[in-house]
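J.: Chains as they are written, first to last, in this note's numbering: chain A, 20 to 218; chain B, 25 to 396.
Calculated from the structure, these hints are not laboratory results.
Remember, predicted model here, so these are calculated numbers, not experimental data.
Do not rely on the hints blindly, as some may be mistaken.
What the hints assert, rightly or not - Here are the in silico distance ranges between beta carbons for each label pair:
| hint | chain 1 | residue 1 | chain 2 | residue 2 | range |
| --- | --- | --- | --- | --- | --- |
| 1 | B | GLU188 | A | LEU212 | 23 to 29 Å |
| 2 | B | GLU188 | A | ALA191 | 23 to 29 Å |
| 3 | A | ALA191 | B | ALA46 | 34 to 40 Å |
| 4 | B | ASP111 | A | ALA191 | 53 to 59 Å |
| 5 | B | GLU375 | A | LEU40 | 56 to 62 Å |
| 6 | B | GLU188 | A | ALA71 | 37 to 43 Å |
| 7 | B | ASP109 | A | ARG29 | 31 to 37 Å |
| 8 | B | GLY94 | A | ALA182 | 54 to 60 Å |
| 9 | B | GLY201 | A | ALA182 | 38 to 44 Å |
To be verified - 20 Å max Cα-Cα, derived DMTMM-like pairs, lysine to aspartate or glutamate:
| hint | chain 1 | residue 1 | chain 2 | residue 2 |
| --- | --- | --- | --- | --- |
| 10 | B | LYS298 | B | ASP255 |
| 11 | A | LYS54 | A | GLU28 |
| 12 | A | LYS73 | A | GLU57 |
| 13 | B | LYS228 | B | GLU340 |
| 14 | B | LYS228 | A | ASP84 |
| 15 | B | LYS228 | B | GLU297 |
| 16 | B | LYS189 | A | ASP69 |
| 17 | B | LYS228 | A | ASP98 |
| 18 | B | LYS189 | B | ASP276 |
Stated by the list, open to error - Which stretches of chain B does chain A cover? Using the computed rule of at least three CB atoms under 8 Å from a CB of chain A, they are:
| hint | stretch |
| --- | --- |
| 19 | 186-196 |
| 20 | 305-318 |
In this text, a Cβ means the ideal position worked out from N, Cα and C, and glycines have one as well.
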Amino acid sequence: MAAASPEIERLISLLSKLPGLGPRSARRAALALLKRREQLLTPLALALADAAEKVRSCSVCGSPDTQDPCSVCSDRSRDATLVCVVEEAGGLWAMERGASYRGRYHVLGGLLSALDGVGPDSLRIGELVSRVGAGEVREVILALPATVDGQTTAHYLAERLAASGVSVTSLARGVPVGGELDWLDDGTIAQALRARRPA
Amino acid sequence: MRAALTRLTLTDFRSYARGELALTGGAVFLFGPNGAGKTNLLEAVSFLAPGRGLRGAAATEVGRREPGEGEGEGRPWAVAAVLSDADGETRVGTGAEPDTARRRVRIEGEPVPPGRLSDLVRLVWLTPQQDRLFLEGGSERRRFLDRLVFADQPRHAAAVSAYEKAIRERTRLLTDGPNDPEWLNALEAQAAEAGAVLATARHKTLTALQAEIDARSERPFPQAGLSLSEDWHSEGSGERLREALARGRARDAAAGRALSGPHRTDLLVNLREKDRPAAEGSTGEQKALVLNLVLAQAARLARDPEAPAPILLLDEVAAHLDPARRAALFDEITALGLQTFLTGTDRSLFEGLFGRGQGVRVEGGALEPENG
Numbered sequence: 020m021a022a023a024s025p026e027i028e029r030l031i032s033l034l035s036k037l038p039g040l041g042p043r044s045a046r047r048a049a050l051a052l053l054k055r056r057e058q059l060l061t062p063l064a065l066a067l068a069d070a071a072e073k074v075r076s077c078s079v080c081g082s083p084d085t086q087d088p089c090s091v092c093s094d095r096s097r098d099a100t101l102v103c104v105v106e107e108a109g110g111l112w113a114m115e116r117g118a119s120y121r122g123r124y125h126v127l128g129g130l131l132s133a134l135d136g137v138g139p140d141s142l143r144i145g146e147l148v149s150r151v152g153a154g155e156v157r158e159v160i161l162a163l164p165a166t167v168d169g170q171t172t173a174h175y176l177a178e179r180l181a182a183s184g185v186s187v188t189s190l191a192r193g194v195p196v197g198g199e200l201d202w203l204d205d206g207t208i209a210q211a212l213r214a215r216r217p218a
Numbered sequence: 025m026r027a028a029l030t031r032l033t034l035t036d037f038r039s040y041a042r043g044e045l046a047l048t049g050g051a052v053f054l055f056g057p058n059g060a061g062k063t064n065l066l067e068a069v070s071f072l073a074p075g076r077g078l079r080g081a082a083a084t085e086v087g088r089r090e091p092g093e094g095e096g097e098g099r100p101w102a103v104a105a106v107l108s109d110a111d112g113e114t115r116v117g118t119g120a121e122p123d124t125a126r127r128r129v130r131i132e133g134e135p136v137p138p139g140r141l142s143d144l145v146r147l148v149w150l151t152p153q154q155d156r157l158f159l160e161g162g163s164e165r166r167r168f169l170d171r172l173v174f175a176d177q178p179r180h181a182a183a184v185s186a187y188e189k190a191i192r193e194r195t196r197l198l199t200d201g202p203n204d205p206e207w208l209n210a211l212e213a214q215a216a217e218a219g220a221v222l223a224t225a226r227h228k229t230l231t232a233l234q235a236e237i238d239a240r241s242e243r244p245f246p247q248a249g250l251s252l253s254e255d256w257h258s259e260g261s262g263e264r265l266r267e268a269l270a271r272g273r274a275r276d277a278a279a280g281r282a283l284s285g286p287h288r289t290d291l292l293v294n295l296r297e298k299d300r301p302a303a304e305g306s307t308g309e310q311k312a313l314v315l316n317l318v319l320a321q322a323a324r325l326a327r328d329p330e331a332p333a334p335i336l337l338l339d340e341v342a343a344h345l346d347p348a349r350r351a352a353l354f355d356e357i358t359a360l361g362l363q364t365f366l367t368g369t370d371r372s373l374f375e376g377l378f379g380r381g382q383g384v385r386v387e388g389g390a391l392e393p394e395n396g
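If we strip away everything but chain B, and leave its shape as in the complex, we get (with noise of 0.2 Å):
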């Protein structure tokens, strides 16, 4: 079988006290009315992989609190899970202690640095909070562009970092002096090196992505045209990222931050079929290119077989799409035979999934999945 989660269980995560869920693989729908927890279900499998899951908390935010009870005295919070495929079952588990800022993993009862989740789970997730991705600035798509290339290529994040870091020490350098040419030099070197090679993965994961959506053209979602607005990935671009840097010194020192380089680059989307931005789509048609994107992600990482199954996430998605692209989305989820966790408020949305999929309402704290 695919990867998938065959058992769930949250200690004083959120809203759950204690939840436990027995899953078969496949899709899993939640049910149930606002602020039942389905989304804080979601936001537990997405703290199975590396990070700070889908709503970007710390560790130390999802502990559970008693109503009354402040910020900083949630309880120590745990999510457990069985992860099985062909090869066997395999105990997840990670948490933390509320004094410590730093969450726990544990691979089959071994104490592991987090990053080694990312041998066992990937996950490709959509929120209502993407909704506005052509919207809003360009940082949260380039987060969304930089959690699709880590799912695709997990050691991206090692290189964000590496240059996110890079640059900070060379803008404090500049702000706060000491002017020191060589320190400077060594920095840009590191930056340069670093944002050669995540601007390198972008690129590689955007073209594959690209191909993938081509691929698809017969689904009744908008199709999305993907560029990115910088080239900082061709032959030669650590040389000139080197260059760049060297010549913004006194700008940038002006302007307290770097202005140019990879932690600039926006990702670009056009709606196909009319050749226009997708921020000048439809709202409907902004969710369903997104969703489209999402799913042609899922599909291409779920061919891989040197890497685990996809598992996928998706928020509140069924009740903004049409029924034809809802009918379609369920079809797609089914073929692929992903796990997909799906949430919405009515039981009814969910009716092209019933017999293919598991049912599971979310009331008070409580998980009670349906029979068969």
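Excised from the complex, chain A in its bound form (with noise of 0.2 Å):
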């Protein structure tokens, strides 16, 4: 095959370092980009540089926001004695879509992991520590996810945060809502028994 010229090159390499896209995928976004040069191409270098030139790591939670403290560190009407983890943005995002949570975020930027060499000092830990440390925090929310890494982060956290004395709680595993029982698997309802509550 005939090489692309160094310029598309690059842009396929840089895309195929995106989550979820391979070499192959890679073309097909380059491509379609090029294609479509004034619908895609120039709005999204827009997009990125506008991006590149606002977006920084909200100093308080770590999220990303064109502010800084975010605009939920920054809403006065939201508890500041809740402080929900979340591994990414992501994770906020979701808590943010449920709309049911009125407190703060603290995002962690990774989970603790030996193999990949991720240790506490890679992760945003000392902030939240130092967070807590400062006072107004009452209880800190894990919402981590439910995997070897994730658990072994909660557990973790919980334990650096045992001597500031506020509440370490995680989020409840169990049955979905709507969900049938037939269809949990018996990790699942093992789970949820053991979460049970009176009704």
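Both chains are sitting in their own frames, so use the hints and assemble them into the complex.
T.: So this is what it looks like as structure tokens:
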């Protein structure tokens, strides 16, 4: 195959670094962009430049926003005594979609993983501990994935925060809303049973 | 009817450019010369369950290659099947492109995660490699045990992988640092929780399997006495495991691996009638012992109304049995009514199945079903 021009190759190679895109799908994406220059390529380039210029990590919670502190951290109507810990901003957005949480967040930026070389120092754990140590926070809610890395991180955070005296909770796991018991796996049923509460 | 494959289509799988087989359920005996592709067909069936099939092969290794083509030059391959049971037919397919390590699975044309296959197909297999089960190290027997447990309790695989992941993480931390006690505590808590779950699952399957073996005393097969070399399953074992891991940090750091825990548990098998370890039995006794164990597992799974009936894959089993045991094997699989794939070089080995099973000649990458 004749090589594409270096500009196109560079576009493809950068696109292929995005999550969910491999070399093949990056080529397709690049082709789609080049074919639709006016509708996609130019607006995307502008949006990328705009985001690169304006979006920063919030110095309090670590979520990406154009203002610092971010819109959640600077919203005075939100409960500053509640902090919900999420792995990435995606977790924050999911919680916000739910619209039932009125506290604040802390974005860790990943999960502990010795095999991937991600230790406490590579995550925003020190920031969380000092944030909690500052005194205003009463409860830390751990909203981390139910995977080995997620639960290890949750366990680690609970231990690190134990000295501070705040209450550390984690999201319940069990029967999903609208879920049929029949379709649940045994592990989820066992969890749900352990987490039962007065009806 | 019992869950059985009624159609099997292989595309560029191992030695098959294309292979198609219509099946009636019940016993299928595959015969043909060495290297004809009999085991490949069993392996294709084994890819209809989650995991790496009966040869433990990666999805990238099984695509057909022309002579002279090297590893990694395999073609995209597919195994498709129609699974029939009392409720009707389900189309199942799996395969992989050469450049993606992950194999794809489709049920009724919809892409699904491979784990979903365990809702449809359960497999029990016996291969010549397992003949050496009692002579080899504990890891082979542990894998064998975990496969028995997995067929019985599909969730076992998740506990095993969670446990192994937490142990690997802990080992990395112990060997490469940082020495962070809270991080280690967190990993050991995860390992202990998953470890207790997996050990309990092993114990549960083994107890049930032992009861089944005990109930099968009238058959001409040696009976196994099964036990586990360590108890990580009884009350409080999660806490015990957590403590053992915490105590063993310095030792494990020096060894570069975790020296205690259910990943070290061995499956102990005794020849019941001689009350001696299975390894001390004759080769023939050992083969028959494992076969009886596998049949007990199949019989037990077959009674579970909640799960699909198991499909048996018995590779090169018939040739090593004396005529009485071979007849007993054929009677048993006929009585169980389970779909069973058997292989052997010689058609006459399967004489006891003539009229009761379906014969397929395998030669030169082609499948020729016998008439009637």
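J.: Just to be careful, I want the Cα atoms of B/LYS228 and B/GLU340 compared with a cutoff of 20 Å; is the pair within it?
T.: 30 Å, violated
J.: Against the range 37 to 43 Å, how does the distance between the Cβ atoms of B/GLU188 and A/ALA71 compare: consistent or not?
T.: 41 Å, holds
J.: Would the pair A/LYS73 and A/GLU57 pass a check requiring their Cα atoms to be no farther apart than 20 Å?
T.: 23 Å, violated
J.: Holds or violated: are the alpha carbons of B/LYS228 and A/ASP84 at most 20 Å from each other?
T.: 52 Å, violated
J.: Can you let me know if the beta-carbon spacing of B/ASP111 and A/ALA191 is within 53 to 59 Å?
T.: 35 Å, violated
J.: Okay, B/GLU188 versus A/LEU212 on CB: inside 23 to 29 Å?
T.: 26 Å Cβ-Cβ, so the 23 to 29 Å window holds.
J.: Could you say whether the range 38 to 44 Å given as a hint is met by the Cβ separation of B/GLY201 and A/ALA182?
T.: Once the Cβ atoms are compared, 23 Å apart, the range 38 to 44 Å for A/ALA182 and B/GLY201 is violated.
J.: Would you mind confirming whether the straight-line C-alpha gap from B/LYS228 to A/ASP98 stays at or under 20 Å?
T.: 48 Å, violated
J.: Are there at least three residues in the stretch 186-196 of chain B whose beta carbon sits under 8 Å from a beta carbon of chain A?
T.: That given contact holds, which follows from 7 residues of the stretch 186-196 of chain B lying within Cβ reach (below 8 Å) of chain A.
J.: Taken at face value, is the distance from the CA of A/ASP69 to the CA of B/LYS189 at most 20 Å?
T.: Distance of about 41 Å is beyond 20 Å: violated.
J.: Starting from the hint 34 to 40 Å, judge whether the C-beta atoms of A/ALA191 and B/ALA46 obey it.
T.: With Cβ atoms ~50 Å apart, the hint is violated.
J.: Does A/GLU28 lie within 20 Å of A/LYS54 when you go C-alpha to C-alpha?
T.: Between A/LYS54 and A/GLU28 the Cα gap is close to 15 Å, so the pair holds against 20 Å.
Consistency with the previously given hints fails for numbers 3, 4, 7, 9, 10, 12, 13, 14, 15, 16, 17 and 20, ordered from lowest to highest.
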